[in-house]
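Asks: Respectively, the protein sequence lines represent chains A and B.
According to this note's numbering, the first sequence holds residues 7 to 356 in order.
According to this note's numbering, the second sequence holds residues 7 to 356 in order.
What the hints contain is simulated information worked out from the structure, not anything from laboratory work.
What you are looking at is a predicted structure, and each value in this text was computed from that prediction instead of being measured.
Treat the hints with care, since some could be wrong.
Because identical chains share one entry, a pair is satisfied inside a single copy or across any pair of copies.
Unchecked claim - Cut-off 35 angstroms, straight-line C-alpha distance, at most; resulting in silico cross-link-like pairs (DSBU-like, lysine-lysine):
1) Lys-330 x Lys-239
2) Lys-92 x Lys-239
3) Lys-330 x Lys-213
4) Lys-319 x Lys-239
5) Lys-317 x Lys-239
6) Lys-342 x Lys-92
7) Lys-29 x Lys-317
8) Lys-317 x Lys-31
9) Lys-92 x Lys-213
10) Lys-29 x Lys-213
Protein chains: 2
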Amino acid sequence: MMSAGEEVRSVVLTGYGGYECLKVKPWPIQALGAGDVRVAVAICGVNFSDLYTRQGMLRELQPPLVLGTECVGEVTAVGAAVAHIKVGDHVLCYKFTGGLYRDHVVVAASHCFVLPPGMSYEDSAALPANYLTAYFCVHDIGHMRAGQSIFISSCAGGVGWAATQLACSAGDVTIFGTCSPEKHDAVRENGVTHPLTYDGYEQELLKHSPDGVDIIIDNMASSAFTINQRLLKPLGRIVVIGANSMVTDSQKFGWWSFLRLWWSTKNVSARDLIMQNRVVAGLHLGLLMERQPNTIQSAMSHLFQLYEQGKIKPHIDSIWPFDKVVEAMRLLAERKNVGKVLLRVETADK
Amino acid sequence: MMSAGEEVRSVVLTGYGGYECLKVKPWPIQALGAGDVRVAVAICGVNFSDLYTRQGMLRELQPPLVLGTECVGEVTAVGAAVAHIKVGDHVLCYKFTGGLYRDHVVVAASHCFVLPPGMSYEDSAALPANYLTAYFCVHDIGHMRAGQSIFISSCAGGVGWAATQLACSAGDVTIFGTCSPEKHDAVRENGVTHPLTYDGYEQELLKHSPDGVDIIIDNMASSAFTINQRLLKPLGRIVVIGANSMVTDSQKFGWWSFLRLWWSTKNVSARDLIMQNRVVAGLHLGLLMERQPNTIQSAMSHLFQLYEQGKIKPHIDSIWPFDKVVEAMRLLAERKNVGKVLLRVETADK
Chain A
7 MMSAGEEVRS VVLTGYGGYE CLKVKPWPIQ ALGAGDVRVA VAICGVNFSD LYTRQGMLRE
67 LQPPLVLGTE CVGEVTAVGA AVAHIKVGDH VLCYKFTGGL YRDHVVVAAS HCFVLPPGMS
127 YEDSAALPAN YLTAYFCVHD IGHMRAGQSI FISSCAGGVG WAATQLACSA GDVTIFGTCS
187 PEKHDAVREN GVTHPLTYDG YEQELLKHSP DGVDIIIDNM ASSAFTINQR LLKPLGRIVV
247 IGANSMVTDS QKFGWWSFLR LWWSTKNVSA RDLIMQNRVV AGLHLGLLME RQPNTIQSAM
307 SHLFQLYEQG KIKPHIDSIW PFDKVVEAMR LLAERKNVGK VLLRVETADK
Chain B
7 MMSAGEEVRS VVLTGYGGYE CLKVKPWPIQ ALGAGDVRVA VAICGVNFSD LYTRQGMLRE
67 LQPPLVLGTE CVGEVTAVGA AVAHIKVGDH VLCYKFTGGL YRDHVVVAAS HCFVLPPGMS
127 YEDSAALPAN YLTAYFCVHD IGHMRAGQSI FISSCAGGVG WAATQLACSA GDVTIFGTCS
187 PEKHDAVREN GVTHPLTYDG YEQELLKHSP DGVDIIIDNM ASSAFTINQR LLKPLGRIVV
247 IGANSMVTDS QKFGWWSFLR LWWSTKNVSA RDLIMQNRVV AGLHLGLLME RQPNTIQSAM
307 SHLFQLYEQG KIKPHIDSIW PFDKVVEAMR LLAERKNVGK VLLRVETADK
């Protein structure tokens, strides 16, 4: 099972482009290094970063490669230098450079989190990309406290859903969020005080809160970045976390729309920051994990605690068999999901 | 004493320029409005903003005008609509547009803070511009916690001195700060772990802390802003609070050096913020007070508490008679002070 040249079933990206570039097929697995663990994968989480990678936005990831930034399963082997994880543990893995959409993975132990007893695979698979990102936005950078207000763009998506729950855990908060109208009931149920549509959200927010809000989570990285800054109270914090607006359905990544978006995103001057008493931040969870793994481990421990206290509860939109990875990704690209989209790995040998 | 057209001794700026533009002379005091209090001034604080105003950097303040952004004294009259302040109270006043260097002032009650019993005039006069600014940098924006590190530029100045004490109150912190070598003993005594010189501070800081620091307070608003960003850890917060490097001794404000400084201050892009996991902020205490007076009142209450607990203790560099205002301002401009420079108002009728 761990022989050299061994291949395992994997979602392979054969080139940049549309869904036709995805193939589910056997692909070689790397050897177990001293600091690695091998995991029999049960569930994988689907993320916007998978779409970026397929479209070719992350040029440092050259196809052919295996997609997938998060998975969860049971440890089947550990390297000689791994002390805190043992065979049989249930672990959650996160690696922003991908490689985890497979029925078995070998991954560095530093990229794994041992699940607390009783936590389901499905719930835990929703945590890394979405809840960690939301956690740093709301708690660490946002420093959200009782009585404050927050605006969450795409509040029905994975990060938005998580951010809503984490904001609620601060107590007595007001939450504004954009999503398409058919999702408004669902996000209200999750804790959003004022669901807004993408069209005219600025005016609508100011109608309820003329001074603006304390925190903004912006996943668009577009001209909305400038609009959103105007919605901030003095001392308000805006966190830019992504570029969802650059993902288009089923197409190769468009350099023109990418460049147009960056151009339309005005830079921030020190003078404006001072005159507006503004705090502007960016978050890249993957790079943060590479540079400060201990910070991530401690945030995940806190998330596990919040989960056990019932303060966060991932919402699973749908679970797809491994072979339906294209349908699962399409759901995200078309923004039809509410909450997390998962893949279930079903193999005979587990 | 409160008749129409009454004049009181004041520090009047007669035009933009050098110290020759300052005259101590009688100047009309405004009538007491319903929301105002009248204060017999005991002590005034001298700040960099007084130098900016004199040099003409704040063009919205047109001479002739009375200088001075902070003072403390005893209330001698209150307007009909003032509920929380009474005659005889000791109050601290802060108004970033100035007008407080006089032996009696009329000021809006919303710009006053009633002193806790037993707090000296000298100590309290050091609080508004310096300790409030430092408070928002370290606590509110900086969100400083035990075990973290901070870099404070100009750590021997008023704000730097206050920020050092406030950072220490978080417990187990590492403090880097720049100031001229002859002040290193004094700032070390105040809590700075590693006093640095302005020349080569970047390399020196990284020698002690290769990953950078958690918080930076930057009062230069110059090309140092770009250098300083490189000294931030992921999730690190940099707060820009001023433009001290634009103040030159005894000269009229130089537009060329002003423009050169702003040009050399590179704007911040959303992309860089994301890729570096960086938080960039600006703070303008005066504008914050205009827009969110309640935020300032609650911060000042917290400062009064910290003072009573002995966690902060203003350091008075020197106290000058009112007539020596030029000498007092020169001390700041030449950066010869350590801690706060004050003026004492001595009049016969109090």
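Asks: Would you mind marking each hint as holding or not holding in the structure?
Replies: Now for the hints, and whether the structure bears them out:
| no. | hint | verdict |
| --- | --- | --- |
| 1 | Lys-330 x Lys-239 | neither (45 angstroms within a copy, 41 angstroms between copies) |
| 2 | Lys-92 x Lys-239 | between (49 angstroms within a copy, 32 angstroms between copies) |
| 3 | Lys-330 x Lys-213 | neither (44 angstroms within a copy, 52 angstroms between copies) |
| 4 | Lys-319 x Lys-239 | both (30 angstroms within a copy, 31 angstroms between copies) |
| 5 | Lys-317 x Lys-239 | both (27 angstroms within a copy, 30 angstroms between copies) |
| 6 | Lys-342 x Lys-92 | neither (39 angstroms within a copy, 62 angstroms between copies) |
| 7 | Lys-29 x Lys-317 | neither (38 angstroms within a copy, 63 angstroms between copies) |
| 8 | Lys-317 x Lys-31 | neither (39 angstroms within a copy, 64 angstroms between copies) |
| 9 | Lys-92 x Lys-213 | neither (55 angstroms within a copy, 38 angstroms between copies) |
| 10 | Lys-29 x Lys-213 | neither (49 angstroms within a copy, 49 angstroms between copies) |
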